Structure formats: structure tokens, C-alpha cells
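Chemist: Put chain B on the given structure of chain A with help from the hints.
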Amino acid sequence: MTKSALILTLLSASIGSAFAGNVAKGKELVEKNNCAACHGAGLKAPVAAAYPKIAGQYEDYLYYALKSYKVDGNSLVGRNNAIMQSQVKQFSDKDLKDMAAYIASIPGDLIVKK
Amino acid sequence: MNKAIVTSLGAAVFASLFSFTARAQDTKGSAKAGEAKVWICVGCHAINDYRADWPQVYRVPKLGGQNADYIAASLKAYKSGERKHPTMRAIAGSLTDQDMADLAAYYSAQTPTSPRNPLK
Numbered sequence: 001m002t003k004s005a006l007i008l009t010l011l012s013a014s015i016g017s018a019f020a021g022n023v024a025k026g027k028e029l030v031e032k033n034n035c036a037a038c039h040g041a042g043l044k045a046p047v048a049a050a051y052p053k054i055a056g057q058y059e060d061y062l063y064y065a066l067k068s069y070k071v072d073g074n075s076l077v078g079r080n081n082a083i084m085q086s087q088v089k090q091f092s093d094k095d096l097k098d099m100a101a102y103i104a105s106i107p108g109d110l111i112v113k114k
Numbered sequence: 001m002n003k004a005i006v007t008s009l010g011a012a013v014f015a016s017l018f019s020f021t022a023r024a025q026d027t028k029g030s031a032k033a034g035e036a037k038v039w040i041c042v043g044c045h046a047i048n049d050y051r052a053d054w055p056q057v058y059r060v061p062k063l064g065g066q067n068a069d070y071i072a073a074s075l076k077a078y079k080s081g082e083r084k085h086p087t088m089r090a091i092a093g094s095l096t097d098q099d100m101a102d103l104a105a106y107y108s109a110q111t112p113t114s115p116r117n118p119l120k
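From first to last, the protein sequence lines stand for chains A and B.
In terms of my numbering, the first sequence opens at residue 1 and continues consecutively.
In terms of my numbering, the second sequence opens at residue 1 and continues consecutively.
Among the hints, erroneous ones may be present.
Unchecked claim - Straight-line alpha carbon distances no greater than 20 Å define the calculated SDA-like cross-link-like pairs of lysine to any residue that follow: (1) K32/B with V42/B; (2) K70/A with V42/B; (3) K84/B with G78/A; (4) K37/B with V112/A; (5) K84/B with Y51/A; (6) K76/B with N34/A; (7) K84/B with N81/A; (8) K32/B with V112/A; (9) K79/B with C38/A; (10) K84/B with A50/A; (11) K94/A with Q56/B; (12) K37/B with K76/B; (13) K37/B with G78/A; (14) K89/A with V30/A; (15) K84/B with M84/A; (16) K76/B with T27/B; (17) K76/B with V30/A; (18) K84/B with S86/A; (19) K94/A with K79/B; (20) K28/B with A49/A; (21) K70/A with K32/B; (22) K94/A with N34/A; (23) K84/B with C44/B.
To be verified - Derived list of chain B stretches under chain A, where covered just means 3 residues or more per stretch with a C-beta under 8 Å from a C-beta of chain A: (24) 29-40; (25) 84-94; (26) 101-112.
What the hints assert, rightly or not - Ranges between beta-carbon positions, derived for each pair: (27) A33/B with K94/A: 26 to 32 Å; (28) A48/A with S80/B: 28 to 34 Å; (29) I106/A with N48/B: 17 to 23 Å; (30) A41/A with L119/B: 31 to 37 Å; (31) I40/B with S105/A: 29 to 35 Å; (32) A41/A with P118/B: 33 to 39 Å; (33) S92/A with A33/B: 30 to 36 Å; (34) D49/B with N22/A: 21 to 27 Å; (35) D49/B with K25/A: 23 to 29 Å; (36) D72/A with S114/B: 28 to 34 Å.
Note that these hints are calculated values from the structure, not bench results.
None of these values were measured; they are calculated from a predicted model.
Note that the Cβ used here is the ideal one computed from N, Cα and C, for glycine as well.
Only chain A is shown next, with the shape it has when bound in the complex:
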């Protein structure tokens, strides 16, 4: 019984962290790559109105969006924005997950509203 409880705990912990990126590593990558040059101070004050606020956005969406810029030649998945495509090229999927985790952890203005 103790053993099964342990297994359950380990299982749920691994499910819980299946997505979670490393916030500290993500912060390093975001700062080094200067995402704020376009997305603005705190990543919530973009320098152009056509750029998104990203601070506090959902982590899993951020990862999906970042990864989409790496997809090429698929008719159903992918994003063609030239700037973002050139930005994400250098990063592994793990890097993108870490950055997504960090960006999601910053407080921002984004909310869910009807």
C-alpha cells in the first residue's frame, strides 16, 4: 500500500511536470536573446502595436506558438512570420519550453474575458 502510494505520487508528479519548463533557464534565454527589444519592458509593452504582449500568457500556448514558427512545409500547422521564424531557429524545443515557462511566470495584463 505504501508502495502504491509512492508510485502514485511519483506518477502524478511526473504528469504535473510533464510540461513545465525551467523558469530560471528560460529567463536567461529570454534576456540573452533580448525578446524585450520588440515585446517591450516586462514583455508587456510591445514597441509596435502589431506585436503581442506575452507576459503572463499561458505557458503551453506560448510553447505551441513558438514551436509553430519552426514548422515548415506542413499544410495544417505552422506560422510564417519572418521575424519570429528567424528568432526561434536557434532554439531547441527544450529551450522554447523554458522560455515559455519564464514568460508565463511574469505578471502581465492578459485576462480571460467574455
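Modeler: Okay, now just chain B, sitting in the frame of chain A:
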């Protein structure tokens, strides 16, 4: 003669600047008009932690408080195919530039204290 060319060039540049401004203003969004148009969005984007399952499972993005121009640009990118996503392409494909501008104005105006949309 040179002066005439410069003058007409100047006039052409001025006219093109003016027409660009006029065009940009044509699709100025109205948050009020958007209030009635978000019915097409709320089934996913108004539900906390709502998850999409294509091409992987992820929560659909928060739109409230986002930049209006970014929302409109994203919708246009889905419509044109620059962004590929079957659901969003179908929805954006059904929207006019005015619809996009209104939806963008509506979502960008949302704050944590905004009242609940009376039409939804």
C-alpha cells in the same frame, strides 16, 4: 520645369500619405460593435484554461488586454494562411476586416474590472 516636377512629386507623396491614413481609418474598430461579435470567440476564449487539442494539447490564449493591432493582424494572418490552424482559419475566413477590427478593439479594452459582456 524641375520645380514643377518636384512640386508634382511632392503632391503625389502627400496624396499617397493621405490615402494611406484614410485607408487605415476605414477599418477602425469599435469595442461596442465587437461586444456583439464575440459570440464566435467565447466558446473557447472565454473559458478559463480551455484547451485546444490541435496539433497538441494547449490552453487557448488569453485575449483580454491584448494589443488591438496584434489581434487584428493575427486574424488576418489566419485568413491569409500565413498562420495555419484549421479552426482559426475557418473562423477568421468568415470575418471581414471590420469584424476583425471590432473584435480587436473589444478584447484590447478588457481589464480585470470590465463588466461582464451583457450580450453573452
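Chemist: Check each numbered hint from earlier against the structure, then list the numbers of those it violates in ascending order.
Modeler: Violated hints: 2, 6, 9, 13, 17, 19, 21, 24, 27, 28, 33, 36; rest satisfied.
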